[in-house]
Structures are given as structure tokens and as C-alpha cells.
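S.K.: The UniProt record's numbering puts the sequence shown at residues 1 to 483.
FYI, nobody ran anything at the bench for these hints, they're computed from the structure.
Backbone N, C-alpha and C fix where the C-beta goes; we use that ideal spot for every residue, glycine too.
Be careful, since some hints might not be right.
In silico lysine-lysine, DSSO-like type, Cα no more than 27 Å apart, as pairs [unchecked claim]:
(1) LYS254 / LYS208
(2) LYS369 / LYS384
(3) LYS169 / LYS209
(4) LYS229 / LYS384
(5) LYS99 / LYS72
(6) LYS99 / LYS418
(7) LYS113 / LYS384
(8) LYS418 / LYS72
(9) LYS229 / LYS169
Simulated restraints, written as ranges between beta carbons of each label pair [unchecked claim]:
(10) LEU104 / TYR211: 19 to 29 Å
(11) ILE399 / PHE447: 14 to 24 Å
(12) LEU250 / MET55: 42 to 52 Å
(13) VAL284 / ILE214: 29 to 39 Å
(14) TYR170 / LYS75: 48 to 58 Å
(15) ILE272 / SER46: 41 to 51 Å
(16) ARG139 / LYS209: 12 to 22 Å
(17) LEU250 / LEU159: 30 to 40 Å
(18) PHE105 / GLU380: 33 to 43 Å
(19) LYS75 / THR161: 26 to 36 Å
(20) PRO100 / THR289: 38 to 48 Å
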Amino acid sequence: MMGEAMNKQLDLLNKLKNNDLFLIFIILQPILDVLTALSIYYFQASITIGLLVRMAFMLISIVYIFFLNNSKYKKLITGYLIVFLTIVGVGFLTNYFIKPNFSLFSELQYTTKSVYFVIMFLSYLLVLTSLNYSSKMDRYQAFIVYSMVIVGVVLLFTLLTGTGFDTYKYNKAGNKGWFYSGNELSAILSICFPMVVLFAVKKSTSLKKAYFWIPVLVVGFAAIMVGTKVGHLAIILVCALTPILLGLELLVKKLGKLSSSINIKLNLIISIGIVAAVALITPVTPAFTNTSGHYSSVAEEIAEESSETEVEEEGSGSEDKVEEPEKEEKENFTAKLLDNKVLSVLLSSRDKYFIKLNNDFIEAPAQQKMFGMGYAGNWEKAPKLIEMDFFDLFYSFGIIGFAAFMLPFISILLVAMKQLLNLKLQLIRLNVLFPLMSIALAVGIAFLAGHVLYAPAVSIYVSVILAIILAQIMPKGNNRLEI
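Sequences are here, hints too, so could you generate the full structure?
M.R.: In C-alpha cells, the structure reads:
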């Protein structure tokens with residue numbers, strides 16, 4: 001028995017050292033998401049299988065970061081991780097002692113979910129900078145695509161069989177298949193869709209291989225059928241930008257005299273056809289129905305705002321202005337700035353939670369300003385996040401903690417600026433531009449709709465794609481990108 005246990009442990013270590021486990025983990029994501037939904041819907045579980053597996057893998061990743069990789073960036077990354085975890089730990093202990101309402105379970109759960117993104121990014125960056133770039137990088141891109149195909153097939157199957165869960169409870173159309181969160185599912189499909197398109201573009205080298213575009217159709221259709229405006233707009237945006245990026249690839253190839261195995265003309269024709277198909281089916285999709293209703297609400301609010309402004313202007317001459325005390329003026333500044341019904345509709349009332357947390361932050365002691373107020377700020381009756389990730393992270397982890405969280409995004413900008421001088425036109429290639437589109441979508445969704453950076457089901461994909469970009473543009477011996 002002990003011999004078998006030892007063999008299993010050695011096998012796990014070998015898989016970690018060979019990085020196979022990190023590939024397997026990507027393909028496991030849709031399965032974990034389905035198990036999470038089933039455990040919540042049918043067993044009302046507060047701690048799900050998906051969460052337990054992800055947290056266990058995060059611990060394995062920490063072991064890999066410190067002991068089991070041979071990347072030349074190991075010292076730099078382990079140093080950053082130690083500093084990062086120290087900052088988060090200081091914030092956690094600070095809130096334990098001074099936060100008015102401190103729920104240990106909620107704080108631990110939120111902190112762990114948030115830290116998950118950074119740890120997974122660092123582990124995948126070490127994996128990808130430990131590998132032979134030309135032979136294995138494509139496997140990680142491909143496994144993201146395989147994962148998305150599983151999600152798309154599950155959604156289409158549940159649509160055909162009528163076994164899926166509705167995305168919304170009332171008044172809106174949409175199907176989220178056997179997944180739990182429609183917002184997270186939509187974010188996943190939106191963020192990974194450019195990687196699916198890139199896979200199709202690279203594999204469709206001839207007309208006989210045009211079937212590699214089938215995953216694009218499956219994933220794109222599934223994202224639109226979820227019914228969220230985020231997924232709908234993301235698919236339209238990616239489809240519209242694809243012909244432009246292909247045209248740019250052709251131009252860069254000619255100007256820079258760079259080699260490329262991509263059949264640009266064939267892919268250009270197919271991508272334009274898909275743009276036309278998306279335009280044709282959009283009016284009959286749940287996403288369009290929900291979004292058009294959303295825009296109607298915005299139009300109504302604009303009309304109401306205009307009429308209210310006119311009434312206020314007519315009556316302003318007869319009313320005396322009352323000066324508010326300076327303190328109250330400062331506290332209400334943000335509320336006045338965001339007191340706009342149109343903005344409230346566009347942000348789904350997130351602005352109200354922003355005002356509340358911002359006021360908490362203004363009144364918070366210096367320690368909380370530096371290291372954050374923890375989960376949902378200094379709440380009184382019930383904790384509520386803004387659901388705009390960057391604001392949530394800023395108020396939760398403070399000025400110092402937020403800066404540490406943003407380092408992965410800042411690092412891409414800094415490395416890209418430095419490498420622009422060395423790589424020049426090579427940096428403007430599809431292998432870089434499509435993943436960058438994924439990250440741009442991730443940042444946009446995180447900023448406006450949330451459910452990205454502190455949602456492990458979503459942040460894992462952001463982590464892998466960020467690592468892929470950095471691994472590609474980091475300095476190499478030959479100073480060339482392989483496209």
C-alpha cells in the first residue's frame with residue numbers, strides 16, 4: 001500500500017515537472033463548472049467540488065513555483081509572490097482587528113478567489129518560460145480551444161434537448177446550459193473567443209482544412225445564445241476585427257518580409273462570411289432581444305432626464321441656494337457625480353454600490369486605505385460587492401494591494417514597450433494580437449460587468465492567456481516570434 005502511494009506521489013511530481021498537469025487542468029475547467037452547477041442546484045452546496053479542486057490545484061501551483069520549475073525567471077517570480085502574499089496577509093490581519101463586521105469564512109473565500117488569479121498567472125508563466133517555445137506553446141493555445149469546444153457543445157446539446165438552465169429568472173431570454181453563472185459563462189466565452197478564431201486561422205491552411213472554423217461557429221453561437229449583452233457584443237467585436245487583423249498580417253508580412261504559414265486570403269473570405277452570418281442571425285437571438293430592451297430602457301431614461309432638467313432649470317430662479325457644510329459636500333461629491341439614471345441603467349445599478357464603498361473608503365482609517373477594507377468594505381447590514389472588478393479589488397486590498405494585483409497587466413505593457421524596439425513589426429502579428437484582444441476583452445468585462453479577476457472559473461483563462469503573451473514577447477536568443 002505504501003509503495004503504491006509513493007508511486008502515485010512520484011507520478012504526480014513527474015507530471016508537474018513535465019508540465020502535463022497544467023495542460024490537463026485547462027481541459028478540466030468545463031467539467032468542474034458543470035459539477036459546480038449541479039452541486040449548487042441539486043445539493044445546495046456552499047463549498048463546491050469545483051472550488052475544492054481549484055484551491056487544491058492552487059496549492060500544487062505554489063509548490064511548483066517555489067520548487068519544481070527551471071525557468072530563468074524563477075527568482076524574480078518567487079520574490080514577487082512572497083511580497084504579494086505578505087501584502088495580502090497584512091491586509092487580512094488588519095481587517096480582522098479593525099473591521100466592524102468580519103466574517104472569517106467570507107473574507108477567506110473572497111481573498112482566496114482573488115489571490116488565485118495571480119498564483120495561476122505566475123505558475124503558467126513559469127511553465128511557458130520553461131518549455132521549448134516552438135514545440136509546446138501551441139499546445140496551451142490549443143487546449144484553451146478544446147475547453148471552449150466542450151463548453152459550446154454542452155450549450156448546444158442543452159438547447160436541443162431543453163435540459164439547460166435559464167440565464168435569467170424573469171423577463172429575459174437566454175440559456176446557460178448546465179453551468180451555474182450566466183455572467184461568468186459569458187465572460188469565459190467572450191475572453192477565449194479570439195483564441196478560438198486564432199486556432200482556426202492557423203489551422204485552415206487550405207480549403208480542405210476550412211472545417212477548423214467549425215469551433216468558431218459553435219463557440220460564437222453558444223456565446224450569443226447565453227443572452228448577455230457582454231457575450232453578444234464581444235462576439236460581434238471579434239468577428240468584425242478578424243478581417244482587419246488578417247489584412248494587417250498581410251501588410252506586415254509584405255513590409256517586414258516575414259514568413260507566415262497562414263493562408264490569409266482563404267481566412268479573410270471565411271471571416272467576412274462569418275461577419276455576414278452574425279449580422280443575419282443577430283436579430284433572432286436572445287442576446288439581441290435582451291439588449292434591445294436594455295437600449296429602450298436607456299432611451300426612456302434619457303427622455304426622463306431631459307424633462308427633469310428642463311423643469312429644474314425653469315424653477316431654479318425662484319429657489320434660494322443652500323450651502324452645505326464642507327464635510328457633507330465632500331461625502332456627497334461622488335454621489336452627485338454618479339447621480340444619473342442613464343448611467344445607472346447602463347451599469348445595472350452598480351454605481352449605487354460604488355458610491356457606498358467609496359464613502360466607506362473615504363471614512364476608513366489609514367491602514368485600510370493602504371491595505372484595503374476586505375470583502376465588500378466596511379459593510380453594516382449585508383455585504384455587497386460592486387461587481388466591477390477593478391473597483392472591488394481596489395477597495396478590498398487598498399492602494400498597495402491593488403498595485404500588487406495590477407503588476408501582471410503592467411508587466412505586459414512594460415515588456416511590450418521594451419520589445420517593440422527589438423521585434424518591431426514582429427510584435428504586430430496574429431499570435432500576439434489575438435491574445436491581446438482576449439486580454440482587452442477581459443479588462444473591459446472586468447471593469448464594466450465584473451465576474452473576471454476574482455472568479456476562478458474565469459480568471460484561469462485570463463491567467464493562461466496573459467502568460468502566453470508574456471512568454472511570446474519576452475526576450476529570446478533569436479529575437480524572433482514564430483507565427
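S.K.: Which numbered conditions among the earlier hints are violated in the structure presented, ordered from lowest to highest?
M.R.: 3, 5, 6, 10, 13, 18, 19
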